Amino acid sequence: MSPKVKLLAAFGAAGIGLAALLGVLFGTKGSVRDHISGRYQRVAAESEGRSVVYTSTQPPGAVAKSIAGAWKPAERINDPGGYFLRYRSAIVAITAAAAGQAGSRIYVDDQRQGYNRWYPYIGGRWGTFSGPAETFRGGGPAAGK
Amino acid sequence: MTARTTPPRRTPGRLGRLGRLLAAAGVSAATLWAPPAGAVPILEGADATELAQALAEATDDQDVCYGWEVTVSDYGGSASGVDEGSSLGVGRSAIETECERYVVFEARVIYTSQASESEDSASFDVRSNIPGAPTATDLGEAGISTSGLLGGNDDQVVANAALLLPALVAEKGLAPPITLEANTQALPSGDRATGTPGSDWLRKYGAAAGMAALLFAGGLGWAGWIVFRERPFRRRPVLVDEEER
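These protein sequence lines are chains A and B, in that order.
Per numbering that gives the first Met the number 0, the first sequence starts with residue 0, numbered consecutively.
Per numbering that gives the first Met the number 0, the second sequence starts with residue 0, numbered consecutively.
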């Protein structure tokens, strides 16, 4: 391969990289909030400001999987009553719909409001907790292979 | 996480020179050797108790016993053993007891010795006497992984897996669902969310942006190397025939 052909290939690779980089930087938008608002039914009566409630006909596990698959959470907590996903922009809680109803309810709050609302479940794990005990906050660095 | 409990210190006795040397060697060995992340017990006492209580509450609501059983085989040390518990309490199995219906998270973690060429490994499954009960695949889809069992937060993985079981059982229609109850009280003063997570955008697109930047930089670097080392635009010397002169 002649040097000129090699140079052409190199600039081609750089061009593709630059186009992809610009595409990622300027062509991607949205957030987990946008994702949820575009897919689930908003409950206007229970939503206020940055705290929004949605419903879904799917079970909580499927909803949690869908949301976490689209926007990977920084942290996740499972509970017998539902799932908590933590993002920089929101704390998302997914639980079963009220007794006798099928589907799920999805609560989207900011960090402060979400921590307050779900304090009995996430207190001590995603923030300070002056309750009787802190739970499952890690076991230290791995020492295995 | 509550602090790991440490064994009570022995009162120092009267050691001779040999004794002191042995003690010093022991301290060095203890400093160099650390048990693997999954050393039994994986769940500390307070955490295990709390997990058992949470499972007991789920049992009250669903009439299904839940539990966990993690078997650790440590071929390089002395951390082998079984960490188990259930709705019935810490250290108690839910299998073949008064529980008519049970669902138990079972895991096996193997730590090989430093001399072994084999890597550490882990596996997990769900044991139940309920037809149609959740499976290991269900847990995997909910984020439970073998790599997590080998990591430093193995206790969280075990707890998360066990706490998933009641929700999965409900979703399969085998028991009534349990709903979360929102807190309506004001938080104690000083309690608040901490440790703000990193950028959501970077978590989603960071890898793609990194690959694109790497391709861009690599292409430019390669082009620079060709220009300076192979000189593609250098004029080639013209050979002149002696006779033409």
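None of these hints come from the bench; they were simulated from the model.
Mixed in with the good hints there might be a few duds.
Said to hold, decoys possible - Under the rule of at most 30 Å between Cα atoms (straight-line distance), these lysine-lysine pairs were calculated in the DSBU-like manner:
(1) K5(A) - K171(B)
(2) K64(A) - K203(B)
(3) K71(A) - K3(A)
(4) K28(A) - K171(B)
(5) K28(A) - K3(A)
(6) K203(B) - K5(A)
(7) K203(B) - K28(A)
These figures come from a predicted structure and were not determined experimentally.
Quiz item: Which of the listed hints are not met by the structure?
Solution: Violated: hints 1, 3, 4, 5, 6.
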